[in-house]
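*Asks:* Hey, can you work out the whole structure from these sequences and the hints?
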Amino acid sequence: MNGRNLRNDLFYYLGILLICAPFLKMHTVYVPLVLLVAWGVRSCAAFAGESRTFSDIRLKTVNTLVAHQTLAVGVILSAALLLPFASSNYLIDVLTSAILYAILATALNITVGLTGVLVLGFIGFYGVGAYTTGILTAKFALCGFWIALPLSGLAAMLCGVLLGIPALRLKGDYLAVVTLGFGEIIRIFLTNLNGLTGGPNGILGIKRPSFGLFTLDHPRDFYWFSLAMLALIVLIVSRLANSRYGRSWVAIRENEMAAGALGINVFRKHLLSFSLSAFFGGIAGSLFAVKQGFISPDSFTFYESVLVLCMVVLGGIGNVIGSVTGALLLIVVPEFLREFSLYRMLVFGAVMIAFMVFRPNGLLGSRMITQEIQDREDDGQ
Amino acid sequence: MTASDILTTDSLSVTFGGVKALAGVSISVRQGEILSIIGPNGAGKTTFFNAVTGAYAPTGGRVFLSGREITDMGPDQVARLGLARSFQNLKPFAEMTLLENVLVGREIHMASGMLAAILRSPAFHRDEAAQKQRARELLSFVGLEQRRDQLARNLTYGERKMLEIARALALEPSVLLLDEPVAGMNPTETGFVMELVQNIRRQGITVVIIEHDMKMVMGISDRIYVLDHGELIAEGLPHEVRANPAVIEAYLGGGTLAPAH
Amino acid sequence: MKKLILLAVMCLATVACSKKTGQETGVIKIGAAGQLTGPEAVFGADMLNGVKLAVEEWNAKGGVLGKKIELVPGDDQAEPRQAVAVANKFTAEGVVGVVGHFNSSCSIPASEVYHKAGIPQISHASTNPKLTDQNFDNVFRVCGRDDQQGKAAGNFAVQKLKVKRVAVIHDKTTYGQGFAEEFKKNLGAGVEVVAFEGITKGEKDYSPVVTKVKSANPDLIFFGGIFTEGGLLIKQYKAMGGTAPFIGGDGIMSEELLKIGGPATEGTYATFGPDTKEVPSAKGFNENYRKKYGEPGVYSVYAYDATNILLQSIKNAGATDGKKLIAAIRAIDYSGALGHIQFDAKGDVKESPYVVWKVESNKFKQVK
Amino acid sequence: MFLQHLLNGITIGGSYALIALGYTLVYGVLKLINFAHGEIYMIGAYLGFILISLIPAMPPFLQGNVILMMMVVLIVAAAICALYGFYLEKICYRPLRGAPKLTPLISALGASIFLQNFVMISMGAKDQIFPQTIGMKTITLGGVSFTLLQLVIIFSSIALMALIYWFINRTRLGVAIKATSTDPYMASLVGINVDTVISVTFMAGSFLAACAGVMIGLYYGSINFTLGYLGGIKAFTAAVLGGIGNVPGAMVGGFLLGIIEALGAGYFSSEYKDVYAFFILIAVLVFRPAGLLGKGVNERA
Amino acid sequence: MLRLTDIQLLYGPIEALRGVSLEVAEGEIVTLIGANGAGKSSTLKAISGIHAVVGGSIEFRGQRIDGLPPHEIVGRGISHCPEGRRIFADLSVRENLLMGGYLLPKSETAQQLEQVLAMFPRLSERISQAGGTLSGGEQQMLAIARALMCKPALLMLDEPSLGLAPIMVAKIFETILSLRQHGLTVLLVEQNAGAALEISDRGYVLEVGSVTLSGDSRALRSDPRVVQAYLGG
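Residue numbers (this note's numbering), protein chains in the order written: chain V, 1 to 381; chain G, 1001 to 1261; chain C, 2001 to 2368; chain W, 3001 to 3301; chain R, 4001 to 4233.
Think of the hints as simulated: they come from the structure by calculation, not from any bench. Glycine is no exception: its CB is placed at the ideal position from the N, C-alpha and C atoms. Mixed in with the good hints, there may be bad ones.
Claimed, not checked - Some chain V residues judged to face chain C by a derived CB distance under 10 Å, without partners named: (1) Y90; (2) N194; (3) T215; (4) P219; (5) P297; (6) D298; (7) E304; (8) I331; (9) R338.
*Replies:* As structure tokens, then:
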């Protein structure tokens, strides 16, 4: 057995070195790096299948959290509220970014997670939201932030409906590509409609929102404001998910034909989830515009769409809390990796592979978790 | 069409890329009966179900439910009007619990709106509780009450069939279409399903069945239609159909191994 | 399980090794921000090397105010969001001044962070007018402005080349399109713009645009963008039998353009700063840079000078305090690799440094 | 004018088609969008560049014969790249069989980021310039200008596509790929080693992508590490346009996309070039929801 | 020829087989009967290597085969014709059959194809039609023919009569009988217990993942427990 394994190992590592060789030429220092990555990812794969320890710890944690739900939410929220007192503006800014992405991920989770529609151009809605706020409050100074915020959501929602009506009749990956196209189209229009969007120069001087005389100018204040928005949106989405709306969405995800045969208007429910998710995406965009104070098409690339999608998948598809966790991880981890400087994204890529190989169902999994608990209890009896 | 006909089709046709899957089938289902549709594989039985329930758009002919034309309606509209169905290749919502599966079937009877769901108003809680109660009753009707909180993916084949029936009944339909409800079941299980179908009929629901199991078909049907190559080749009472030479030739066969005990 | 522990330990070890042990006192930190990874990483590397060179030279001379200078790189990936994160990180780490960012779309949102923290920012390459038009007292740039450069290119086309029909191509970026529009503005009534086209950065095939431009039959083709696309455009245009010369800006002024475009680039014009080879300090820069990092990029020298200005100002101010430092930068009268630099009230370079260059026998030569 | 645009479109369309084939083949067997495929194309281009820069060290009989030399470069680069495809699948996708559908998407993205940065760090962020080789002389025929190399590239693309078409439909391994696409479970029951088939599929796709990469590098003369991003998106769109999972569809989709872009940019505004492709895509999908040559999406139980 | 000793199989946390032991001798037709979810199909999947067993052993012609991948097991002469026919719908009938003989040396393929087609003349009429366009009965024939292409010693058939019209069911059973005359050993899983026991030599009854009854087919057919539960009185 060991002989065969050894041969496989040798084949694996030598093969990888061989194909990397043309690129490594004189840089022999990269050889251990390549081997380390190859070995690391492989170990994750081996480990994912072989141990229940991690799964046990996770189950216990989840069990405890479920048992003391209110307490857990309270602790996490108050920790999140108090955090700014203990951290620098840098960390607050990173966390605010993470919160905005968490809103995006929560919104995207409605379509990708609950309804099972893969959207690859989600950042388009974010862009529409951000630009609506930018155009209304700064470019033409038509209204204040508090009017622009809902309008941004509605503008994104309108785009969602307009895109959804033709696109939602498509299936699976075809729909995904159309949404990808939508994201690109939005970005190209943002770049080229100079009179409205400022073209590639973007829009400058978007003011932070204010409550009467009190302006959310300090990063800490804006952090709290975003946190409140996130909490509100998570609450709305999770309540919807646990109602007849959520059930219909999941039913459609599981089987469209059967859902239709049970009297669910699949198209209308799809459109509802799509436009809701666009709405929250637009809200996140509006927040982003006032956070940055400056927006340009550079912020709304395909890469960002995929990043948000990663957050949803990483946290566990269909799991609302998972989306938030995924956003936190994908924004915060690269910040820590800044220490690696040039190697940052290299390491980040490898970590992504390793993580997925290690936890294919995402960090929190979807419903599988509760099910695992159930099954174990059944075994015990 | 007589007053007692609840579901009728008038020369219903379906064509797939030039091939006629259904060539002008006219049938009428009477209120409160158990009707079976039999025929060789590929005769168009499932296509017939799909065309009636709106899953396929018929290329010709018309369909009426309780005197109302439903020909061009979508599956969801047809379902809302009281026509429920089960599927030959089962389609339970695998990642939902059994209770949730049935609750999806209750969707059209739910009243509370989106705002109520977000605000968790008393009306919302009342509605949820009432529907959950009804769903539980339906699960216990098919014998799955004990497993209501498990995910549907963990059910066995037979249990899934029962779940599909419970889910279809949740619509409170006037007509229930069952596509091969006992395929792959042994005689004991078949007996249970036959009992169940009788009980469903007793609640005033008309049942239409596609089935190959002749014991079931001959045992509970009031009437039988026989399809072959998309056309109706015979209809009548069970013993008439069994003796029909055209049916024997196309479908039943005369071999001793045929399981028509 | 063992394997996992080993893995975890190795990861931790890597992180630990890469971290500087403890907070070193007695150093002055300066930030260098740009795209170190991502699609435009080449500019980030050019910049970082320029800054490194300056810092090393100062450190070799004993640092500034008796302290060593520590360079803190910040990777903004050419993304505005990341740029703000980098800016916040710099302020949190106590950086006294920042060289960068590269893209205007990164420099602008980051400048607000620096402004609030009272840290000076000297951009080496953000040419969009909006950056300094915000009127932040802490924002400077050693490069020109798109409007200045557009004017220089436009005037040259009209007055020197006396063209009548011009085709304009840009790469749809803040820099490229902004520059193209400024150029168009400065052409005057006598010149007809026969085509105004945008291209997508990162593609290789520009034949549709080139075909269209060629059929419009221009006397001159303006390109607002970077040498990568510029080289391909010129090459594909000439391959299709086109004859009109190209003119571009600092973005195409690079040896790379000549490599990518090959002989087709002969006769191409570019607006840029005056020839630095004649300035003694620039000669030193070029030699030292080549020795350490190979051929300098277009912006390396800007980054180098921006760093020198920052460090010289620290020395002049005798302090690293934001206010004093900003005042010192505003007051500086500096002669470096780029020539003579003084800042106006907005933070732009006082004398517009643009002249026109032309490719002759496979080399950029200043047009007298 | 029209012919010129058409020729431009066909040239770039050929490379889209070659890359699109990789997406479509993999999608067929794994029902998975291989998001790292664009990077494989980029790696292929780099391998071509590295090999060409080794030419001075090659034996003289090779150096004398330009055509032979280019063939060797193309085949060796594509062969090494095929191994990249092999390892990509082995490391990023194989451990994820049976995981939720979107999971491999994330590891693919990780691989994509990794490969991009790997090349950036090892080869530098600068553009790499191919030596100006053969066939760059412009030929003008009836108002249409083209280079000899352009013709060679168009014909090579078509030849490669013919080769892959033959492989899929006429060889036992090829039919096994088709069988695995329809039903991997059944395929294993007739004795097909599904793992091998999947590996072969990845290798074949990577082989074609590398060929496209080398040809693009030779033709346009410069490559950099971000090449895979746009190339990947475009080719993926082409694959969907033709009906993803459908081999002739990918070829048709690739050429069509190239031609649409060329005509759109040529006759309307080039600023919106990328938009035309997507508009056409949306229009096609509204009328033919499974792409031009795709069959109806099968209802899965 | 085939011996299963106490094999166990898990589907996730669910125990599908809890120690199944059975034997098939050369030239026999052996039937597995049992209720839904009793583990009949799982037993076949365990033998063909689709699902790995977690306990027990499977021996074929004296050699352990548990733990081998499916394609190696096919190579040793066990052919598994799964439930639901699973025709390669896009492939032609010929391609379907050629895939069935995937592991045969190239030189033998043509000859084997001829032999199989001789057994199923209906298929040679439709040789270049796509598999998906055949009728249900024809598809079942094709599935069996495909399973025969690899020259198996043991053929495992999972519910070959499922969803077929009674007239077709009779034909399928006739075909199975004729296969035995060709010297094939058959392991049959059937819901239609009456018909299956009629053509088989021996039978096993599976309940909840283990064998509860076994013996001569004739004896089983008259066993009151079997009659009561599986033959419907």
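*Asks:* Hints first: check each against the structure and report whether it holds.
*Replies:* Okay, the hints, checked on the actual structure:
Given hint, Y90 (chain V) at the interface with chain C, holds; its Cβ is 4 Å from that chain's nearest Cβ, closer than 10 Å. The interface hint given for N194 (chain V) holds, since its Cβ lies 8 Å from the closest Cβ of chain C, which is under the 10 Å cut-off. The beta carbon of T215 (chain V) comes no nearer than 13 Å to any beta carbon in chain C, farther than 10 Å, and the hint placing it at the interface is violated. A least Cβ separation of about 8 Å between P219 (chain V) and chain C falls short of the 10 Å threshold, and the interface hint therefore holds.
Here the hint on P297 (chain V) is kept, as its CB sits about 8 Å from the closest CB of chain C, short of 10 Å. Given hint, D298 (chain V) at the interface with chain C, holds; its Cβ is 5 Å from that chain's nearest Cβ, closer than 10 Å. Below 10 Å, beta-carbon pairs count as interface contacts, and E304 (chain V) has one with chain C at about 8 Å; its hint therefore holds. Because the smallest distance between the Cβ of I331 (chain V) and any Cβ of chain C comes to about 9 Å, under 10 Å, the interface hint for this residue holds.
Evaluation of the R338 (chain V) hint against chain C yields a held restraint, the C-beta minimum of about 7 Å falling below 10 Å.
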